[in-house]
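**Q** The lines below spell out each chain.
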Amino acid sequence: MLAYAMRRYLVQETTQISNVLLCNVTSRVSFWFVVTNSFTNMTTIPRNDVEAAIRMNRNRINNAFLLTDDTLQFLEISSTLAPPAEQPRPTWLIVFGVILGIIVIGIVLVVSFGIYHRKRYKNAEKTEDLDDKYEAAITMENRIPCHTLDLKAGQINGVYAAADDDRFTPL
Amino acid sequence: MVRLVLPNPGLEDRIPSLGQLESIETEEASSRPKWDNKAQYMLTCVGFCVGLGNVWRFPYLCQSHGGGAFMIPFLILLVLEGIPLLHLEFAIGQRLRKGSVGVWSSIHPALKGVGVASMLVSFTVGLYYNTIIAWVTWYFFNSFQDPLPWSACPLNANQTGYVEECARSSSVDYFWYRETLNISTSISESGSIQWWILLCLTCAWSILYVCTIRGIETTGKAVYITSTLPYVVLTIFLIRGLTLKGATKGIVFLFTPNVTELANPVTWLDAGAQVFYSFSLAFGGLISFSSYNSVHNNCEMDSVIVSVINGFTSVYAATVVYSIIGFRATERFDDCFSTNILTLVNGFDLPEGNVTQENFEEMKLWCKDTDPEAFAKLHFQTCDMNTFLSEGVEGTGLAFIVFTEAITKMPASPLWSVLFFIMLFCLGLSSMFGNMEGVVVPLQDLKIIPKKWPKELLTGLICLGTYLLAFIFTLNSGQYWLSLLDSYAGSIPLLIVAFCEMFAVVYVYGVDRFNRDIEFMIGHKPNIFWQVTWRVVSPLLMLAIFLFFLVVKVNEELVYSVWNPAYEEFPKSEKVKYPGWVYAVVVVVAGVPCLVIPGFAIYKLLRNRCQKPGDRHGLVSGLSTASINGDLKS
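Chains as they are written, first to last, in this note's numbering: chain Y, 34 to 204; chain P, 379 to 1012.
In case anyone wonders, no lab produced these hints; they're calculated from the structure. Hints are supplied without guarantee of correctness; some may be wrong.
What the simulated footprint calls covered on chain Y by chain P, stretch by stretch (three residues with Cβ under 8 Å from a Cβ of chain P suffice, anywhere in the stretch; the number is not a length) [as the list claims (entries may be wrong)]:
hint, region
1, 129-137
2, 141-155
Only pairs whose alpha carbons sit at most 27 Å apart, straight line, appear in this in silico DSS-like list of lysine-lysine [said to hold, decoys possible]:
hint, chain 1, residue 1, chain 2, residue 2
3, P, LYS412, P, LYS982
4, Y, LYS155, P, LYS829
5, P, LYS599, Y, LYS155
6, Y, LYS152, P, LYS599
7, P, LYS787, P, LYS950
8, Y, LYS159, P, LYS742
9, P, LYS953, Y, LYS159
10, P, LYS830, P, LYS416
11, Y, LYS159, P, LYS833
12, P, LYS412, P, LYS953
13, P, LYS755, P, LYS742
14, P, LYS931, P, LYS953
15, P, LYS787, P, LYS627
16, P, LYS755, P, LYS412
17, P, LYS825, Y, LYS155
18, Y, LYS152, P, LYS950
19, P, LYS950, P, LYS627
20, Y, LYS155, P, LYS953
21, P, LYS787, P, LYS623
22, Y, LYS155, P, LYS833
23, P, LYS931, P, LYS829
24, P, LYS982, Y, LYS152
25, P, LYS412, Y, LYS155
26, P, LYS953, Y, LYS152
All C-beta atoms, glycine included, are put in the ideal place defined by N, C-alpha and C.
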């Protein structure tokens, strides 16, 4: 696996499994390894190259073992983390826009309802005032409206009506 | 019984007599707003009293002052301090039928300053309170995505790891301090306006404007939702919370009584302060709301009901909050334990599954015996459940850090997040209604505003003005300014105003007259409990709390907590001293409302001295009309 990785990276076809030297193998499957240069069997390929190779082929290595970055760890090679799900546009602005739109409509409605209500109230008041004035234009004599005095029948003065004939001196 | 009443000439002229009260109600019907029904009034008062403090201050106090034992001082002080003051404000508003400035200047012109002080405090508190609501709306807008944005840290430039600040603290901390507030490292570094917070602030103020546009006509409709929705959401959270693992641990931790705390005076004083601030007394809003009631409304029953609901909500919210905190603490504990298990397993190459939470200790000892050298190299974290349960759980820290973290661990997190922030929004908004009432009505009473101006315009101007001032909280240092105002603007002035209110009603207005008024309004004289508390107990309690606060605040160094990534003990907050000019700000913010009270009194007394008693009245102009045909009815 590692040999394959080195091959891919160095574009050299010559790295073989035998170039990968293992040491400190433990029963919990952890080990140290070095990769030797396939041309000269003694020198080792520098660490940076090995790291870069592994980084490039990490997915492949993981898949081969059916493991993930969490379960197969290369010490000191930090894995490239998958970026968190980035929304293409900020969702919060959409929600904000919707709510602000509703509020603006609400303000317009409430204010215009208030103005309409006030206009109606003023109109109602105006007609009430006119009625009052109309009533007041009725002429009065001694606080008695004149038109009640215009009774066709006339008012009978009770003094004379209740009079007995005896009280008045006969002619 | 104290029978002291200060001389108060001319009181009869300034207030409507009892006989006039009945007719006033019918006259006022067109000009003065009134409640559509009793439910609106109760919901508005409950909404005003029940606010963010019930959710994020009370649970913290409860847990840190002996759990279940804290209920004892809380309930005692609720009865001795909260209910009498509430009844007093309701009754005086209903009797004198004016807002706070009108009421106090009717009682005595020199007391106008009390009303003005209430107005100033309402204004300052409204200024920063709505910014908290703006933060809530920011989180609310960001809750409509899965996964939630604060559930994972963003990646650094070459995508090999997380952003350093986030990796060292946590994703929720990072989202709050960096992506929301973009906080600077000190209050002096103002930075620039954060446009996203500004948008949210606009949204918050617009919603407030829509709801308070015509005073209680519109708020009366809005409270049907804003006062009831929090209870619905709390119940949903309670049911959900109780099904989560570890919830019961949290509730047990909250209510475990520690009776020794009762001997600590700080416990009693914190309980008293919590009762006082929780009831939104001395803001003037309650007096205003009560003045729109009908004359024979039973204010005694109202005050008892509102107090009971407020107390119950505090306890209920504490239960819900701590069930969620218990869940979060258990999750953290499990994570911590798993890390330890992994350390042991890795260090000793043990097979998976051999070490569990139950046998961890014995395995540890076994490993230690087998290979002490290797064991010494291993580094285990300390996992203490109690530490997790008592972590930073009050104020904005509770809502925006602890709770949001807990929500990310629950399945279907966007739903819970939306619900939670709607609840906080409603709680805050209904309290803001009271604040706005406490600012708008006194301005009208002070006759600064021409009467022709429609109410919509006045409310709009106040909202606009406060919104522009609130830009200061959108700066990088905004959160430091907010904490500053929170600590000083609301605390001392309110206590002084409340004390003056009690004193004014009991000794200047006269408690006998007050008793007669209440007898007229509700049909029976207030019983001995009210007499004792109004005259003696509650004023003494207010005085005690005020003195304690004064002593503590004056003695403590003005330090504040700062989020500084360069701090050695990051992610803990660094404690930094305030710069010198902050002292001036504190004096202005806390001192001006307090000084307005004696200021107005002195001003009125001087004006009375300067005017000679004779030339008080101007010439009375009389009309003489010749009437031949009678005079026009006008």
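**Q** If a hint holds in the structure, say so; if it does not, say that too.
**A** Hint check results:
Given as covered by chain P, the region 129-137 of chain Y passes the check, having 5 residues with a CB less than 8 Å from a CB of that chain where 3 are the minimum. With a cut-off of 8 Å between beta carbons, the region 141-155 of chain Y has 4 residues touching chain P; three or more are needed, and the interface restraint holds. With a C-alpha separation of about 32 Å, the suggested pairing of P/LYS412 with P/LYS982 is violated against the 27 Å cut-off. A C-alpha spacing of about 16 Å is found between Y/LYS155 and P/LYS829, which places the hinted pair at or below 27 Å, so the restraint holds.
The hinted pair formed by P/LYS599 and Y/LYS155 meets the criterion: a straight-line CA distance of about 25 Å does not exceed 27 Å. Distance check on the hinted pair: Y/LYS152 and P/LYS599 sit about 23 Å apart at the alpha-carbon level, within 27 Å; holds. Proposed proximity of P/LYS787 and P/LYS950 is supported: the alpha carbons are some 23 Å apart, at most 27 Å. Restraint check for Y/LYS159 and P/LYS742: the C-alpha separation of about 93 Å exceeds 27 Å, so the hint is violated.
A distance of roughly 67 Å separates the Cα atoms of P/LYS953 and Y/LYS159; the hinted pair therefore is violated under the 27 Å criterion. At most 27 Å may separate the alpha-carbon atoms for a hinted pair to count; P/LYS830 and P/LYS416 exceed this at roughly 30 Å. With a C-alpha separation of about 22 Å, the suggested pair Y/LYS159 and P/LYS833 falls inside the 27 Å cut-off, and the hint holds. Proximity of P/LYS412 to P/LYS953 is assessed by CA-CA distance (about 50 Å); at most 27 Å being required, the pair is judged violated.
In summary, the hint linking P/LYS755 to P/LYS742 is supported, as the alpha carbons are separated by about 13 Å, within the 27 Å threshold. Between P/LYS931 and P/LYS953, the direct Cα distance comes to roughly 17 Å. Compliance with the 27 Å bound is thereby established for this hinted pair. For the proposed pair P/LYS787 and P/LYS627, the alpha carbon gap of about 17 Å is at most 27 Å, so the pair holds. Between the alpha carbons of P/LYS755 and P/LYS412 the distance comes to roughly 75 Å, so the proposed pair goes past 27 Å and is violated.
Distance check on the hinted pair: P/LYS825 and Y/LYS155 sit about 24 Å apart at the alpha-carbon level, within 27 Å; holds. For the suggested pair Y/LYS152 and P/LYS950, the alpha carbons sit about 61 Å apart, so the restraint of at most 27 Å is broken. For the proposed pair P/LYS950 and P/LYS627, the alpha carbon gap of about 26 Å is at most 27 Å, so the pair holds. Note on Y/LYS155 and P/LYS953: the hinted pairing is violated, with a Cα-Cα distance of about 62 Å set against a maximum of 27 Å.
A distance of roughly 11 Å separates the Cα atoms of P/LYS787 and P/LYS623; the hinted pair therefore holds under the 27 Å criterion. Note on Y/LYS155 and P/LYS833: the hinted pairing holds, with a Cα-Cα distance of about 16 Å set against a maximum of 27 Å. Among the hinted pairs, P/LYS931 with P/LYS829 is inconsistent with the structure: their alpha-carbon atoms are about 42 Å apart, more than 27 Å. In summary, the hint linking P/LYS982 to Y/LYS152 is not supported, as the alpha carbons are separated by about 41 Å, beyond the 27 Å threshold.
For a cut-off of 27 Å, the pair hint linking P/LYS412 to Y/LYS155 stands: about 20 Å separates their Cα positions. With a C-alpha separation of about 59 Å, the suggested pairing of P/LYS953 with Y/LYS152 is violated against the 27 Å cut-off.
Of the numbered hints stated above, those contradicted by the structure are hints 3, 8, 9, 10, 12, 16, 18, 20, 23, 24, 26, listed in ascending order.
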